[in-house]
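Trainee: Numbers given in my numbering equal positions in the sequence shown, counted from 1, plus 32.
If you are wondering where the hints come from, they were derived from the structure by calculation, not from laboratory data.
Cβ atoms here follow ideal geometry from the backbone N, Cα and C, with glycine treated the same way.
Hints should not be assumed to be uniformly reliable.
[Said to hold, decoys possible] Between beta-carbon pairs, the in silico distance windows are: (1) 136 - 95: 18 to 24 angstroms; (2) 92 - 170: 18 to 24 angstroms; (3) 80 - 184: 38 to 44 angstroms; (4) 136 - 176: 21 to 27 angstroms; (5) 34 - 72: 35 to 41 angstroms; (6) 82 - 180: 26 to 32 angstroms; (7) 176 - 91: 18 to 24 angstroms; (8) 79 - 106: 38 to 44 angstroms.
[To be verified] Derived DSS-like pairs: lysine-lysine, alpha-carbon spacing no greater than 30 angstroms straight-line: (9) 167 - 184; (10) 172 - 69; (11) 35 - 167; (12) 184 - 152; (13) 48 - 102; (14) 81 - 180; (15) 81 - 172; (16) 48 - 35; (17) 152 - 165; (18) 81 - 69; (19) 79 - 184.
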Amino acid sequence: MMKTLVAYFSVSGNTKKIAQELAQIEGADLYEIVPAKAYTAEDLDWKNKESRTTKEMSDPNCRPELAGEKLNMDEYDTIFLGFPLWWEREPSVVDTFLTSYNFEGKIIFPFCTSGGSAMKMTCERINNLLERKAKVAEGKRLGGDISKEDLKLWSDGVEE
33 MMKTLVAYFS
43 VSGNTKKIAQ
53 ELAQIEGADL
63 YEIVPAKAYT
73 AEDLDWKNKE
83 SRTTKEMSDP
93 NCRPELAGEK
103 LNMDEYDTIF
113 LGFPLWWERE
123 PSVVDTFLTS
133 YNFEGKIIFP
143 FCTSGGSAMK
153 MTCERINNLL
163 ERKAKVAEGK
173 RLGGDISKED
183 LKLWSDGVEE
């Protein structure tokens, strides 16, 4: 029997909290996407054209190195993928994760946390990164204050 994975990248803790609750609801494995070099407050200053994130997000081919254990992606058929929205898309470190594994034949349910940005073309970008070998469902923006009940309603709905 194939398993479900909740993979997430979080800096402030909002996405982590939702990912942990979602993994509990789904009975899924939890995996944190960890950059080899942690992001500092200065790195995250999106108003500074010289900040690390501004440079990373300006380069579509940027793939920041990952730390942490490697997954056996063959064990999973369903992946919930969580991340904050940066520049109205997934952070480059999430792109590294996506291009580090074979997602062929899997279904991915992206979810993001954001103070107000919309996902816009995020799911299309993910689909293109994976060369359309996985099924990427419509993404969902979740507020950091989402209740466990609403999270369960969403996760139950995506699997139908």
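Trainee: Which hint numbers does the structure go against, in order from smallest to largest?
Mentor: Hints 4, 6, 7, 14, 19 not satisfied by this model.
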